[in-house]
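Enquirer: Residue strings, one per chain:
2 protein chains.
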Amino acid sequence: MALHANSDIRAFFEPRTIAVIGSLNEWGGLGYTAIKNMRQFNFAGRIYPINPSYKEALGLKAYPDVSAVEDQVDLAIVITPKQKVPGIIDQCAQKGVKAAIIVSDGFAETGESGARLQRQIVEISHRSGLRIMGPNTIGTLNTANGLVTNPYFISYDKIYKGNIAYCSQSGIVGAQGQPLKDQAYPISKMCDLGNKCDVNEVDLLNYLSQDPQTSVIAMHIEDVKDGHKFIDTVRKVAARKPVLLLKPGRTERGAKASASHTGSLAGSERIYDAAFRQAGAIRLNTWREFWEIPRVFINQPLPRGNRIAIITFTGGVGVASVDTAEECGLAIADFSPATVSRLSKLSPQLARNPVDLGPIIPVTDDPLPVLEETIAAVLDDSNVDCVTATLYASSGAETPVYMDIFDRVMKNVTKPVSFWIYGTELGPMEDLSRQVQGRGLPAYFDIELAIKALATAAHYSRVKSSLNQGATGILNTRNS
Amino acid sequence: MALHANSDIRAFFEPRTIAVIGSLNEWGGLGYTAIKNMRQFNFAGRIYPINPSYKEALGLKAYPDVSAVEDQVDLAIVITPKQKVPGIIDQCAQKGVKAAIIVSDGFAETGESGARLQRQIVEISHRSGLRIMGPNTIGTLNTANGLVTNPYFISYDKIYKGNIAYCSQSGIVGAQGQPLKDQAYPISKMCDLGNKCDVNEVDLLNYLSQDPQTSVIAMHIEDVKDGHKFIDTVRKVAARKPVLLLKPGRTERGAKASASHTGSLAGSERIYDAAFRQAGAIRLNTWREFWEIPRVFINQPLPRGNRIAIITFTGGVGVASVDTAEECGLAIADFSPATVSRLSKLSPQLARNPVDLGPIIPVTDDPLPVLEETIAAVLDDSNVDCVTATLYASSGAETPVYMDIFDRVMKNVTKPVSFWIYGTELGPMEDLSRQVQGRGLPAYFDIELAIKALATAAHYSRVKSSLNQGATGILNTRNS
Chain A
1 MALHANSDIR
11 AFFEPRTIAV
21 IGSLNEWGGL
31 GYTAIKNMRQ
41 FNFAGRIYPI
51 NPSYKEALGL
61 KAYPDVSAVE
71 DQVDLAIVIT
81 PKQKVPGIID
91 QCAQKGVKAA
101 IIVSDGFAET
111 GESGARLQRQ
121 IVEISHRSGL
131 RIMGPNTIGT
141 LNTANGLVTN
151 PYFISYDKIY
161 KGNIAYCSQS
171 GIVGAQGQPL
181 KDQAYPISKM
191 CDLGNKCDVN
201 EVDLLNYLSQ
211 DPQTSVIAMH
221 IEDVKDGHKF
231 IDTVRKVAAR
241 KPVLLLKPGR
251 TERGAKASAS
261 HTGSLAGSER
271 IYDAAFRQAG
281 AIRLNTWREF
291 WEIPRVFINQ
301 PLPRGNRIAI
311 ITFTGGVGVA
321 SVDTAEECGL
331 AIADFSPATV
341 SRLSKLSPQL
351 ARNPVDLGPI
361 IPVTDDPLPV
371 LEETIAAVLD
381 DSNVDCVTAT
391 LYASSGAETP
401 VYMDIFDRVM
411 KNVTKPVSFW
421 IYGTELGPME
431 DLSRQVQGRG
441 LPAYFDIELA
451 IKALATAAHY
461 SRVKSSLNQG
471 ATGILNTRNS
Chain B
1 MALHANSDIR
11 AFFEPRTIAV
21 IGSLNEWGGL
31 GYTAIKNMRQ
41 FNFAGRIYPI
51 NPSYKEALGL
61 KAYPDVSAVE
71 DQVDLAIVIT
81 PKQKVPGIID
91 QCAQKGVKAA
101 IIVSDGFAET
111 GESGARLQRQ
121 IVEISHRSGL
131 RIMGPNTIGT
141 LNTANGLVTN
151 PYFISYDKIY
161 KGNIAYCSQS
171 GIVGAQGQPL
181 KDQAYPISKM
191 CDLGNKCDVN
201 EVDLLNYLSQ
211 DPQTSVIAMH
221 IEDVKDGHKF
231 IDTVRKVAAR
241 KPVLLLKPGR
251 TERGAKASAS
261 HTGSLAGSER
271 IYDAAFRQAG
281 AIRLNTWREF
291 WEIPRVFINQ
301 PLPRGNRIAI
311 ITFTGGVGVA
321 SVDTAEECGL
331 AIADFSPATV
341 SRLSKLSPQL
351 ARNPVDLGPI
361 IPVTDDPLPV
371 LEETIAAVLD
381 DSNVDCVTAT
391 LYASSGAETP
401 VYMDIFDRVM
411 KNVTKPVSFW
421 IYGTELGPME
431 DLSRQVQGRG
441 LPAYFDIELA
451 IKALATAAHY
461 SRVKSSLNQG
471 ATGILNTRNS
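Respectively, the protein sequence lines represent chains A and B.
Be aware that the first sequence starts at 1, since it is given in the working numbering, and climbs by one per residue.
Be aware that the second sequence starts at 1, since it is given in the working numbering, and climbs by one per residue.
Any given hint might turn out to be false.
Since the list gives no way to pick out one identical chain from another, each pair is judged satisfied if it fits inside one copy or across any two copies.
[Unchecked claim] The list that follows gives simulated cross-link-like pairs (lysine-lysine, BS3-like), each with its CA atoms no further than 30 Å apart:
#	residue 1	residue 2
1	Lys345	Lys82
2	Lys345	Lys256
3	Lys84	Lys345
4	Lys161	Lys181
Hints were generated in silico from the structure; no laboratory data involved.
All chains should be modelled from the sequences, with the hints used to inform the complete structure.
Expert: Right, here's the structure in full:
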């Protein structure tokens with residue numbers, strides 16, 4: 001457990017100067033690749049390559065060790081064989097480096113000899129005040145300054161700026177493992193905590209709760225270093241920002257696998273689970289949910305209740321989606337008499353929830369006003385707290401016209417909407433999805449996920465208001 | 001309920017001659033589009049456009065009505081205003097047409113006047129022996145002969161041939177609503193039953209059970225016309241081919257929505273659910289599962305038990321996937337001592353399930369033999385019944401080399417494998433997915449789905465052996 005008085009981990013995300021300590025071989029050297037990645041994403045600070053065998057790398061002057069750098073070094077990225085790491089960390093401490101990300105692996109995660117090496121590092125950290133992330137991590141990413149400490153090949157050159165912080169204890173949550181450009185996730189920060197020998201989930205939550213770019217926190221964790229502290233921190237953060245947790249250990253065997261992967265005790269994970277929920281953390285079940293559900297919290301108000309309206313172009317999907325809504329804690333809204341009357345004027349078939357526009361569109365001379373009035377009526381209904389609407393994509397579909405309707409209708413609306421996109425070609429579906437996301441609205445290829453996202457928002461809405469009223473008793477609500 | 005002695009519905013899927021009765025307007029006329037679609041997919045039979053206002057359409061001679069066609073007509077596709085439908089169906093009956101698909105809507109699904117019209121059609125059908133599919137349907141699709149009765153614009157020109165039959169009570173399961181080309185679903189038949197005024201799910205199951213091109217049946221149904229007959233039929237079919245059901249009504253409100261959509265009784269749906277499972281039908285929960293899970297049954301043996309091995313390149317995903325496996329009824333296989341020893345020779349870290357190759361690959365001079373030996377060892381283990389393996393896709397990844405390994409290793413293996421594909425760009429991920437599917441192997445972008453697919457195969461393996469032993473008592477096992 002870390003004992004730093006200094007709980008400021010800003011240098012991991014907002015360094016002005018970085019030393020990259022590792023191989024500068026231009027054919028895949030990890031130090032070289034880390035620098036290349038930062039260049040690719042236009043990192044705003046100064047970079048110092050460190051390697052005694054090189055005079056320069058990527059046009060930058062290289063230094064034999066970190067003490068040779070004349071400048072103050074905020075962050076060191078350490079990517080060397082593990083045996084060298086303690087010595088390098090010692091040099092960083094002496095130089096007054098604020099933060100070090102240890103990418104190297106082979107420490108506590110591999111057994112006792114690695115654990116011994118890791119303890120040496122922790123001792124230096126405690127003695128000197130140098131904060132350490134890792135080992136066994138790809139570190140951090142910050143879209144505000146182009147920081148990406150990842151030393152692996154990244155095949156794209158753009159990461160979308162936004163307000164989601166994705167945190168993990170695994171390298172899978174990184175630019176080398178996700179189609180971040182194609183999926184256009186609106187990201188503020190990313191972080192892989194690795195072995196958490198010093199910086200842990202509590203430090204990270206505290207930092208992200210204060211980060212003005214972050215409005216929702218998606219966190220994958222396998223173990224928790226200090227359960228009580230974590231729960232206190234979640235309670236504090238969740239009162240302001242949603243904290244979504246993907247945490248293995250829902251099953252006995254899962255808890256055991258997780259414990260064996262992290263070296264923690266399995267028992268404690270199960271015990272803390274109820275406490276996590278009690279503190280206001282919202283549990284996710286799949287990686288798809290981890291990546292996709294946070295979108296619902298960006299640029300949209302929280303639902304005031306759990307009553308959903310569903311608008312589809314296909315009755316079969318609408319009917320099947322009722323089960324999904326109910327199973328994840330939403331209620332199918334009963335339309336008000338005013339809405340029933342407004343929809344009945346368009347067609348008596350439309351005046352029920354889920355609304356199926358399928359039979360109406362083909363027999364209407366100009367379906368667009370029908371579509372617009374339907375969406376407006378549903379959104380206006382005070383019995384409706386949130387809406388899942390459908391968009392159809394094909395190479396022939398008139399996307400801009402659809403989106404204009406939503407822009408008009410949603411202008412004065414204070415309810416969240418999620419979109420289900422379907423169609424006949426993946427290309428246009430992906431284009432349309434990016435257009436919708438570009439407006440800050442969440443779009444999904446699975447209607448179940450579109451509904452689950454709103455259910456998560458409704459759940460967080462209850463959590464937030466309870467936490468802000470100081471009441472925690474009702475937090476232990478269904479979270480499926 | 002239909003009372004046809006003739007339960008042969010072959011003419012709906014294997015007609016040699018088709019009459020298309022509807023608008024032949026070349027700017028979106030539905031009859032015109034239906035013919036155009038059949039041309040696009042190279043329908044092997046003869047097509048007769050029927051419309052008194054046209055002399056020809058798409059280079060084909062048009063006839064004023066079906067009686068004017070000199071040829072025998074196997075199948076009529078009726079796409080006219082609803083009022084005209086009974087007259088046309090009468091003409092078809094007099095002509096000796098075997099089967100009619102009524103695309104037109106506005107019948108029982110819209111209220112009493114539509115229901116009256118529908119009863120007229122049913123009377124003609126019962127009197128004459130003319131079998132009717134619909135109304136309110138997009139009909140059938142058969143990849144063996146290029147038949148596609150869908151009268152809506154389809155933006156692509158290829159549907160992959162294979163062994164999955166997708167059936168539905170909704171137009172969403174159709175070529176105008178799914179990216180069938182991009183997703184490369186290996187399809188034998190598709191069918192939308194619509195209002196099921198005559199041909200119903202029992203007829204369809206009987207036909208598909210005999211269809212040599214179909215080896216797995218995915219069926220979306222909202223109601224069942226004759227519960228006892230359906231259950232008897234499922235039991236018979238499921239002994240030979242998997243019957244996967246997506247059926248709304250898991251929740252009270254879902255059952256109510258389903259009943260209101262189809263005009264059936266909600267109560268009966270809930271009552272029959274346990275009986276469906278008892279008969280060997282396997283219940284699915286989402287549309288994604290409906291489309292993706294059948295792939296696991298194509299070209300692969302069934303698992304002999306429920307013990308899964310998981311191979312990943314990232315420990316975090318491996319650990320999280322243990323919960324998924326356990327939750328859907330699989331057990332994490334305990335490797336045999338021989339496998340533990342074989343894997344330990346590569347690295348002691350590899351000798352546990354899930355196997356995480358992540359830390360090994362980067363520090364190995366030539367990772368490919370390590371990958372191959374790992375996969376071979378896991379597949380050889382008699383404690384392992386099925387395997388989920390990982391593939392990484394990026395613009396730089398060596399896909400052919402990976403796939404060569406699997407081709408070699410799987411040559412003599414009689415266990416099913418599913419693949420989880422991840423990577424940094426959707427394009428290469430989708431390409432790789434199609435390559436894997438092209439080998440008849442199931443690939444998924446979500447590891448949870450890859451595992452769920454194998455769980456479904458393991459479940460069906462138990463169902464099949466029970467049904468074939470005549471024992472039904474153990475069928476009511478967990479099916480999450």
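Enquirer: Please flag the earlier hints that this structure goes against, numbers listed from lowest up.
Expert: none
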